[in-house]
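**Student:** Make the full structure from the sequences, and use the hints.
Which chain is which? The protein sequence lines are D and W, in order.
Per our numbering, numbering of the first sequence is gapless, rising by one per residue and ending at 264.
Per our numbering, numbering of the second sequence is gapless, rising by one per residue and ending at 265.
The hints are simulated quantities; they were obtained by calculation from the structure and are not laboratory data.
Since the model is a prediction, treat every value here as computed from it, not as a measurement.
Idealized CB from N, CA, C, for every residue including glycine.
Not one of these hints is a red herring.
Computed spacing ranges between beta-carbons, pair by pair:
| hint | chain 1 | residue 1 | chain 2 | residue 2 | range |
| --- | --- | --- | --- | --- | --- |
| 1 | D | L153 | W | G149 | 53 to 61 Å |
| 2 | D | I133 | W | G149 | 49 to 57 Å |
| 3 | D | S258 | W | R4 | 52 to 60 Å |
| 4 | W | L251 | D | A88 | 33 to 41 Å |
| 5 | D | K15 | W | E27 | 31 to 39 Å |
| 6 | D | T20 | W | R15 | 40 to 48 Å |
| 7 | W | G244 | D | T20 | 40 to 48 Å |
Derived DSSO-like pairs: lysine-lysine, alpha-carbon spacing no greater than 27 Å straight-line:
| hint | chain 1 | residue 1 | chain 2 | residue 2 |
| --- | --- | --- | --- | --- |
| 8 | W | K175 | D | K15 |
| 9 | D | K104 | D | K15 |
| 10 | D | K104 | D | K116 |
| 11 | D | K116 | D | K15 |
| 12 | D | K116 | W | K175 |
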Amino acid sequence: MRLTYYLRLLWVSIKTSALTSMQYRADFVVQGLMSLVWTALALVPLLILYDHQQAVAGWDFGPALVVMGLFVIMRGVLEGAINPSLIAVVERIRSGSFDYTLLKPADAQFLVSTTKFEPWRVVDLLTGVGLIIYAFVRIGHAPGLGDLAAGALLVATAIAVMYSLWILIIAAAFWVVRLDNLTFLLGAIFDAARWPIQIFPAVWRLIFTFVIPLALMTSYPAMAVLGRLDATTVLACVGGAAGFFVLSRAIWTLAIRSYTSASS
Amino acid sequence: MTLRASVRAMPTMLRVGMAETIAYRAEMIVWILTTTMPLVMLALWTSVAREAPFRAYAQADFVAYYLAALIVRNLTSNWVAWQIGEEIRMGTLSMRLLRPVHPFAGYLATHLAAIPMRALVVLPVVAIMFVTSARDVIVTDAPRLALFGVSVAGAWLLVFATFVAIGALAFFLEKSMSLVEVYFGLFMLLSGYMIPLDLMPGWIRDVATWLPFRYMLGGPVEILIGRAPDAGAVLAAQWAWVAGMGLAAALIWRAGIRRFEAYGA
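**Tutor:** Shown next as structure tokens:
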């Protein structure tokens, strides 16, 4: 019953966002085109690199393209469903109108996370899927059903990890108000996720796996689809992500309790 | 008249700008830290060139190239396009127009004043350059370092003039900030920020020679790592672009101001 209530809320919010963006149809097209251009730009180093060399750190062109496809998908999720809401919330915390969110008869974290969506980011999801399909055509064989399922599971984990990370930032905004550029910083760091984790030096590999888990967002799902990941690692990823999600929820609850509003 | 006033007011405006930079130092540093792209590319290409050089670039060359790119980028970037766009949209530009100095002088002071802070942030990168393999690649003799200095100054002015021009387009366009995005895409591809232009296909390199982007980053970087075949030609093209872009910015601004006043603002 609670679940249907929240699903209905989510649906209303998505519908509102879609209606709002339909008022700016030219924008919709321009932004969609821009995001295609950015994806094409991101492919330039990949093309130049593999034009001259067979493999880098054990990654051929096809598999590296799978990572790139997953990066485009995750960027779409981040910019389309996570970032817009959270940036709006930081603004509300600063102005004090966050009080009204707290007064509403629904979970604050849920309301905060579903404030705003950018529907044109669907372009990113489609481009990403297209890239992955093309990558498998290049590789020459389709992924196994089991691998595909593992990959899908890890994409879900990746979204959970990413969401938790961003919620942690917002929770921090309750203590230190000016934080909106921290989301830009994380966004810039996220850019590194377009490359397979193995190309980074050992120290960065550790940081990008355990501190800022970029590896979990693109490289591991890609390895799963490619059938390079064993079941234990998949389960470890899922377990780790679940733990991280619970932790971020706990810190959020803590942060809400210490929120004292901007006006009083 | 305004020119004399502008020159006289410059020291004070610079002091104010410096104080502002110091007041907002945390934001500034976070913004500078978002320049992660050269570092990611550095990791990628050093990994590629680990066993054998990639075309004409060995591992040390890549280290030197991307560290130099990081330095030049951080020293030369600014946010004047956003500033102008915002002031035009919000109408706060009227306040600036009331002052007895030319608005360009005001913008110039604000962003010149940020350079010491940027240099401070860049210092560790310079230090890293001297403890890594990049040490053996970069030029260290005084004449070529002087050329590098001149090219960085030119790059700074070129970026500034381009951003003023783009910002001033907000007089005519509602969404001039998406132009910044287009600009940045072209910049990434054609300036050598993403990949050294040497490694790009020949025709992109040729196109880049005739466009301003290369002189904002790739030119200075190539001079520093001793890869510019003809530093004089690079500098000449760069300063020609500085003059051209400055003129374009001034013309767009003049036409825009007339329109702005026509609104009755």
